[in-house]
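**Student:** Here is what each chain is made of, one letter per residue.
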Amino acid sequence: MGTYLIRRLFWLVPVLFTVSLVTFIIMRSAPGGPWDTSDERRQVDAATARSLAAFYGLDKPIWRQFLGYVIGDTNSQTGKYVCGLVCGNLGPSYRQRGRSVQDILFGAPEGKTFWQSRFGYSLRLGLMALSMAVFIGIPLGIIAALKQNTIADYIALFIATSGISVPSFVLAIFFIIIFAARLHWVNILVDDWTQIRYWFMPMAVLGFGTMAFTARLTRSSMLEVMRQDYVRTARAKGLVERVVVLTHMFRNALIPVITILGPALAGLVTGSFIIETMFSFPGMGRAYVQAIGQRDYSLIMGTTVVYALLIAVANLSVDVFYVFVDPRIRLEE
Amino acid sequence: MTATSQSVAPDNIASLNTISTPSRSLGREAWSRLIRNKASVLGMFIIGFFILLAIFASVIAPKNPLELNGGKRFLPPPFDAGATNIKSEPEFLLGTDSLGRDVLSRVIYGSRVSMVVGFLPTMIILLVGTTVGMAAGYLGGKMDNLLMRVTDVVYAFPDLLFFIIVMVALRDTFIGKMMNGLVLLFAALAIVNWVGVARLVRGQVLSLKQKEFVEAAHCIGATDFRIMTKHILPNSLGPLIVSVAFQIPGLIIYEAILGYLGVGLRPATDSSSFFITSWGTLMLDGQSAINSQPYLLLAPALCVALVVMAFTFLGDGLRDALDPRMRGTQ
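Going down the list, the sequences are from chains H and G. If you're matching positions, the first sequence starts at 1 in the working numbering and goes up one per residue. If you're matching positions, the second sequence starts at 1 in the working numbering and goes up one per residue.
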């Protein structure tokens with residue numbers, strides 16, 4: 001187990017290295033420099049462009065730029081060594097002068113906690129959406145399985161199927177048009193996100209798909225467990241139905257559900273950028289979409305690496321989780 | 001080989017010939033199960049409808065999708081005229097957009113991009129994925145190792161982010177301008193998605209390789225190529241078809257998201273172009289006019305939801321039909 005975990009953790013290194021290399025190559029193959037494309041309002045003259053390139057180290061050979069991004073390089077002006085990605089330094093933003101990428105993503109405003117940073121906002125929204133998925137999705141799946149082929153089952157299946165097949169941003173469009181533009185029940189142009197009631201809409205939209213998936217998974221997992229011999233044995237022993245359902249079926253049926261929670265949270269945190277943009281939510285995803293619009297290459301790259309790390313760790317968590325919750329599984333050494 | 005012939009009790013052998021149904025191929029068996037599934041049939045009808053819409057857009061669309069009507073901006077649709085102060089006109093069934101173009105016609109033309117994005121990259125993905133997956137699974141060794149390492153990296157890369165990066169960075173290059181940016185989009189979608197197919201096929205091949213019928217084929221002297229194409233491939237088709245049915249709506253959603261972010265298809269301005277606009281691009285237009293003309297946003301969103309739902313129904317039905325043992329458990 002220990003060796004396996006360490007080996008998997010080491011495997012993260014080449015994966016992240018490749019992700020940053022691919023991103024770097026694609027970003028650098030874009031025609032033009034980062035400040036002269038698609039920004040007609042403020043064309044930079046040649047001398048300024050040269051000094052900007054020197055400031056950001058873009059005048060160095062391409063391989064050195066990449067190594068500088070990953071490992072670090074000496075600053076051409078001060079001559080001091082600046083550590084790169086390996087120290088968590090994602091480099092300076094090309095558009096927001098004087099701010100580094102990690103500061104934009106993880107830095108909280110003056111006097112605020114980590115939870116007020118862009119990543120903190122996205123994480124909180126993701127956690128809320130995930131708890132909604134768990135606390136509604138799992139009971140829904142259990143009821144559907146216990147009452148298979150009844151009206152309750154069909155309603156649960158309908159919710160699950162529509163939640164899986166309607167993409168979250170389409171759902172967001174429906175919600176915004178119905179509840180905000182027509183019925184005026186909610187306000188979607190919020191600038192004060194400290195009030196928790198504004199969080200309800202983005203949370204519901206974001207969590208709906210995961211909730212549906214959780215419900216479907218719980219249902220199918222319950223149906224499978226219900227046919228097992230140990231459930232029949234439990235019933236034959238004369239156990240109360242409540243005990244059979246809760247301790248024999250529920251605990252075993254939950255195994256596949258628990259294991260998807262890690263990737264689900266990663267998916268919710270990383271997949272929220274459209275929802276965040278639609279609701280003008282001040283999270284990491286919106287920063288990413290704004291960076292796309294402004295062609296802020298370093299911010300796009302930095303966010304991609306952070307997202308990739310989150311997903312890789314989440315995928316790793318599946319395998320580890322499995323071993324803890326299901327003693328039948330042994331990881332191959 | 002049919003399930004019905006096995007279930008007949010052999011006490012009256014003579015009557016077996018008359019009772020048992022004529023033997024049918026696996027494909028026909030699956031098809032008859034599929035068309036008994038109401039949701040799948042509905043899904044097939046919806047998909048067929050949108051395919052026809054895409055092919056005959058120029059005939060079906062009531063208006064020219066590029067025609068500007070200066071004084072008729074943001075007209076509400078006739079059936080929902082009370083929402084704003086602007087008077088509707090009956091010839092614009094879903095109203096007009098910010099330049100006075102007919103929304104319904106634009107949505108109809110938009111189906112072309114979604115249908116092509118759903119099917120064309122899928123062909124490339126299938127071709128490349130199946131070839132690599134079969135080779136890796138059957139030959140094993142270095143090839144197999146390489147494939148698995150490539151998959152690990154691709155799986156770690158968030159799909160959507162990769163598409164966004166490619167579309168943002170290469171948009172102004174030569175390839176990014178071909179077919180209004182669709183060629184680049186296809187390439188990006190195919191690069192990421194072939195890996196999943198390759199891995200699926202590899203897994204199938206690895207398990208089928210151990211089966212007796214492959215051994216038998218070896219014994220009678222069949223070549224590796226023949227075993228792969230005639231024995232292993234047809235037997236691994238079931239899961240492959242199901243995965244494709246679930247992959248197509250994914251591609252359509254990706255296109256809509258990229259269009260919505262403004263990095264998908266470039267909307268055409270000349271009428272000679274086959275791909276005028278896409279649902280994602282329409283949603284981007286609609287987002288800015290959500291109060292004055294919500295149908296510009298609602299109509300393409302509804303279309304995306306319908307198509308995706310149709311493919312999900314079809315995919316569920318196909319899975320049940322091709323693997324009856326899984327019925328009702330998923």
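Bear in mind the hints are in silico, worked out from the structure with no lab data behind them. As the structure is a prediction and not an experimental result, all values here were calculated from the model. One should not assume that every hint holds.
[As the list claims (entries may be wrong)] According to the in silico footprint, chain G covers these stretches of chain H (three or more CB under 8 angstroms from chain G):
| hint | region |
| --- | --- |
| 1 | 56 to 65 |
| 2 | 269 to 276 |
| 3 | 314 to 324 |
[What the hints assert, rightly or not] Facing chain G, from chain H, some residues (calculated, C-beta under 10 angstroms):
| hint | residue |
| --- | --- |
| 4 | GLY2 |
| 5 | THR3 |
| 6 | PHE10 |
| 7 | VAL15 |
| 8 | ARG28 |
| 9 | ALA30 |
| 10 | GLY88 |
| 11 | GLY91 |
| 12 | PRO92 |
| 13 | ARG95 |
| 14 | ARG99 |
| 15 | LEU171 |
| 16 | ILE173 |
| 17 | TYR288 |
| 18 | GLY293 |
| 19 | ILE300 |
Virtual Cβ for every residue (Gly too), placed ideally from N, Cα, C.
**Student:** Compare the structure with each hint and give your call.
**Tutor:** Structure-based check of all given hints:
Coverage of the region 56 to 65 of chain H by chain G is violated. Counting CB-CB distances below 8 angstroms, 0 residues qualify, and the rule asks for three or more. For the region 269 to 276 of chain H, the assignment as covered by chain G holds, since 3 residues bring a beta-carbon within under 8 angstroms of that chain's beta-carbons and 3 suffice. Residue count for the region 314 to 324 of chain H with a Cβ under 8 angstroms from a Cβ of chain G: 1. That is fewer than the three needed, and the coverage hint is violated. Interface hint at GLY2/H: violated, since its Cβ lies 21 angstroms from the closest Cβ of chain G, which is beyond the 10 angstroms cut-off.
About 18 angstroms separates the beta-carbon of THR3/H from the nearest beta-carbon of chain G, more than 10 angstroms, and the hint is not met. The restraint placing PHE10/H at the interface with chain G is violated, with a minimum CB-CB distance near 13 angstroms, outside the 10 angstroms limit. At about 4 angstroms, the closest approach between the beta carbon of VAL15/H and any beta carbon in chain G falls short of 10 angstroms, and the interface hint on this residue holds. A distance limit of 10 angstroms between C-beta atoms decides the matter here; for ARG28/H the minimum to chain G is near 8 angstroms, and the interface restraint holds.
Hint on ALA30/H holds. Least Cβ distance to chain G is approximately 4 angstroms, under the 10 angstroms limit. Look at GLY88/H: its Cβ only gets to about 18 angstroms from chain G, farther than 10 angstroms, so that hint breaks. The interface hint given for GLY91/H is violated, since its Cβ lies 16 angstroms from the closest Cβ of chain G, which is over the 10 angstroms cut-off. Hint on PRO92/H is violated. Least Cβ distance to chain G is approximately 19 angstroms, over the 10 angstroms limit.
With 10 angstroms as the threshold, the beta carbon of ARG95/H stays out of range of chain G, its nearest partner Cβ sitting at about 14 angstroms, so the hint is violated. Using the Cβ-Cβ criterion of 10 angstroms, the hint placing ARG99/H at the interface with chain G is not satisfied: the shortest such distance is roughly 21 angstroms. With 10 angstroms as the threshold, the beta carbon of LEU171/H comes within range of chain G, its nearest partner Cβ sitting at about 8 angstroms, so the hint holds. At about 4 angstroms, the closest approach between the beta carbon of ILE173/H and any beta carbon in chain G falls short of 10 angstroms, and the interface hint on this residue holds.
At its closest, the beta carbon of TYR288/H sits 8 angstroms from a beta carbon of chain G; the interface hint therefore holds under the 10 angstroms criterion. For GLY293/H, the suggested interface contact is upheld, since its CB lies about 7 angstroms from the closest CB of chain G, less than 10 angstroms. For ILE300/H, the suggested interface contact is upheld, since its CB lies about 6 angstroms from the closest CB of chain G, less than 10 angstroms.
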